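Visitor: If you read the protein sequences in the order shown, they are chains L and C. For the first sequence, this note's numbering begins at 10 and goes up steadily by one. For the second sequence, this note's numbering begins at 25 and goes up steadily by one.
It is worth saying that the hints were derived from the structure and are not from the lab. Please read all numbers here as calculations on a predicted model, not as lab measurements. No residue lacks a Cβ here, since even glycine has one placed at the ideal position from N, Cα and C. Heads up, a few of these hints could be off.
What the hints assert, rightly or not - Ranges of calculated distance between the beta carbons of each label pair, as one might list FRET restraints:
1) W138(C) with K137(L): 25 to 31 Å
2) N182(L) with E91(C): 36 to 42 Å
3) H42(C) with I225(L): 47 to 53 Å
4) I490(L) with R139(C): 27 to 33 Å
5) N465(L) with G38(C): 27 to 33 Å
6) G140(C) with R230(L): 51 to 57 Å
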Amino acid sequence: MSGALVNTLDGNQFVVSDENGDIDASPDSPTGLFAFDSRFLSRWRLTVNGQRLTPLSVDDVQYFVSRFFLVPGATTPYVDAKLSVIRVRTISGGFIEQLTVLNSGEVPVDATIRVDAAADFADIFAIKDARPKRIGRVSLWVEGHTLRLRFERETFRRETRITASDEAQVDDNGFTFTVRLEPGAGWTTELRVQTLLLGRDDQDVRRRFVGYDRDIRETHRDLEAWLAKAPRLSTDSDALALTYQRSLVDLAALRFASLAFPRDELPAAGLPWFMTLLGRDSIFTSLQALPFFPELGRTTLCSLATLQGSALDDFRDEDPGKIPHEFRFGETAAFEEGPYTPYYGSADATPLFIVLLDEYERWTGDIQLVRRMERAARSALKWIDEYADLMGDGYVWYERRNLTNGIENQCWKDSWDSISYRDGRFPPMPRATCELQGYAYDAKLRGARLARLVWNDPTFAQELEASAADLRERFNRDFWIEDGEYYALARDPDGGHVNALSSNMGHLLWSGIVDESRAETLAHHLLGQRLFSGWGVRTLAVGEKRYNPLGYHVGTVWPFDNSFIAFGLARYGFIDEAGRIAEAMIDAAEYFRGRLPEAFAGYDRSLTKYPVRYPTACSPQAWSAGTVLLLLRVLLGLEPSGDQLKVEPALTQVADRVELSGIAGRWGRADASASRRPGSRAHQHRLRQYGGLPISDG
Amino acid sequence: MAANPSMDFLEELGRRRHLELFEQIKGTLRLDLTEGQETVSWLLVVDDGDVGVSSSRQDADCVVHAERTYFDRVVTGQANALAGLLRGVIEIEGNLQLALVLGRALPGPTQSRWRGHRRSRSGGGR
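Take these sequences, add in the hints, and give me the full structure.
Guide: Here it is as structure tokens:
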């Protein structure tokens, strides 16, 4: 493998290849052509006259198009290739690869061009866990100019169909083309690869989906329409502009129509491991994107409500009213070797569902949807008091009932070692992390607003408000660590503090559960040396036993986390602090060419002149792409106020001028702009609202 | 008469007449349950919470097909319908949303480790 991998994607269908475009997958490497959590190509290797190819340059023209310029043989200091190859790869409905071989020499050349193909149909979980495949059978046969590879395990059937042009010789392992190239001439062919989820009638079960089998022109048009819908940004900061553009495109790339919701498009969480519906990720992404793409919020709410828990199912960690965590479509899910149809192992998605529903209404005024969601919302609110309160003390707790492959930590920091005491010990179960209490508090207040405004139930609203006030009071008493002056990461089942200093407190500011008198202390912690690296707020503070700058949830910096921390700081009036986080994020984004990854290392900025990559970070990642959107909201101070949009800018070193035009919402459209003299604290801002249809349900 | 959990489930659904879960939903769903050569069809008519169940082969917005023995396992909480859909043992045509709503009316597994609040458990449990 030559190092960097190249991604080409469209929703949850994607190719990950080496830099020369080849796929040579091992059982544990995430290279290949994937769709719906199965690998449909594990080998895709191009040779010219028996020689592998070396990349001169790779272009990702669009997320769904990659172009490789290649020469046969290994690179030597002096490349004198007479033959060169252009490989153009497109994912748009299906997977299409166009090969062009050019002869720049002065004599004719006879060339044998070979594409080796194979499919292991590995499930994404098997690859992640490096589990070899044992059950099921792959058969292959040639039909005309088509090579068909089919996987069958009982009634579970997946097929890869590769079709070449007439001139190909097709065998069980691939395609051979024998061509004669005159001097200065070129030769081109096209290979089409279809990924099929076969139903009983031998037809693809996705055939009635949005975007199924759409061609490249439609994909282009669709991207253009998506970008045209987005507000336009004008700013003096090149880094901000670059990150904004990249994020809009990445969010477009990650949209997919799932099996469960064939007509709507949802953001998939992240490439390559999470190209599916994740409740928490979809909600956070939709919240970040509300001023930009409010319809993502709507689809997310509808999709999650349809899959809301209805029974007690230990395998799936499902309770009535619980919002799902993860839906998968591959073999592991189909044979119930994993609990993914769907899995419910997150304690935050349910309160966050209410938060999104309310915030969506505040932006769009779409009362119809809130009305339609009443039953779902009520049972989500009931879940918070009934099923999440495992200790009967009024807090949201989690403890998995699936002890085999359920998730231990059912909060956003969902790795096994994320929740610990300062000395590194793990608390017993159940656990109540602090941010969950903040989300529950916020959900109750927002639920109350909707009960009064839409559901015509003031009694319920009062109950919720009383319950929220009580939760706030108890929380500020029970979670506050006096000697350190911060909120405990979690409460253990004996009522003790899980006392590590962590970024989770930042989310508490966003939720509004923090006592005003404590907010300043919290801001100092978040921007202090132990938590703030200079590139952002670390997940866990330096000095804690489990701190590791390369630890997934115990020391790395997560852009999405930082965006909500900045939002929270701004909510409590800590504008400069919010601005410092925004600045750090945009600085970091510039090093990633505008694409913030899922996470990066927590090393101090004085130690590394650039943010250090986290080795297996997903990229693109939906809520990392959403980060700059929420930061723009913070910088401009955008807030719906009745039927108006409010602007209270707080520009910092990020930019001296930010103009966002065409912000959709209940006001129709609005343009908001802010500017200041360089270095000055005084802002000028403008807001213009104009017509246009408000967003509505339907 | 041999046990027929699928029939029991559907008849019980019909007897309940109104399900909160089906509120704000309107549409028809047909279940084709095969047993050997025979197919028994059930029609569910859902109208804002009201539900009618009858034996009928008429066209519907959503058609679900399964072996009756498999569907028996689904309605008794032993098999998961969505896993069955991915595996190809349950097939759905038309409006999938309706099928998903019906899925949420299924009982789920009969046993759970869930014991309610820790504190109330010591006081006798739920």
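Visitor: Decide, hint by hint, whether the structure agrees.
Guide: Do the hints match the structure? See the list:
Taking 25 to 31 Å as the suggested C-beta distance range, the pair W138(C) and K137(L) conforms, at roughly 29 Å. Remark: the range hint 36 to 42 Å for N182(L) to E91(C) is upheld by a beta-carbon distance near 38 Å. The supplied range of 47 to 53 Å is met by H42(C) and I225(L), whose beta-carbon atoms lie about 50 Å from each other. A hinted range of 27 to 33 Å for the beta carbons of I490(L) and R139(C) is consistent with their spacing of about 31 Å.
The hint said 27 to 33 Å for the Cβ distance between N465(L) and G38(C), and at roughly 31 Å that hint holds. At about 54 Å, the CB distance of G140(C) to R230(L) agrees with the hint of 51 to 57 Å.
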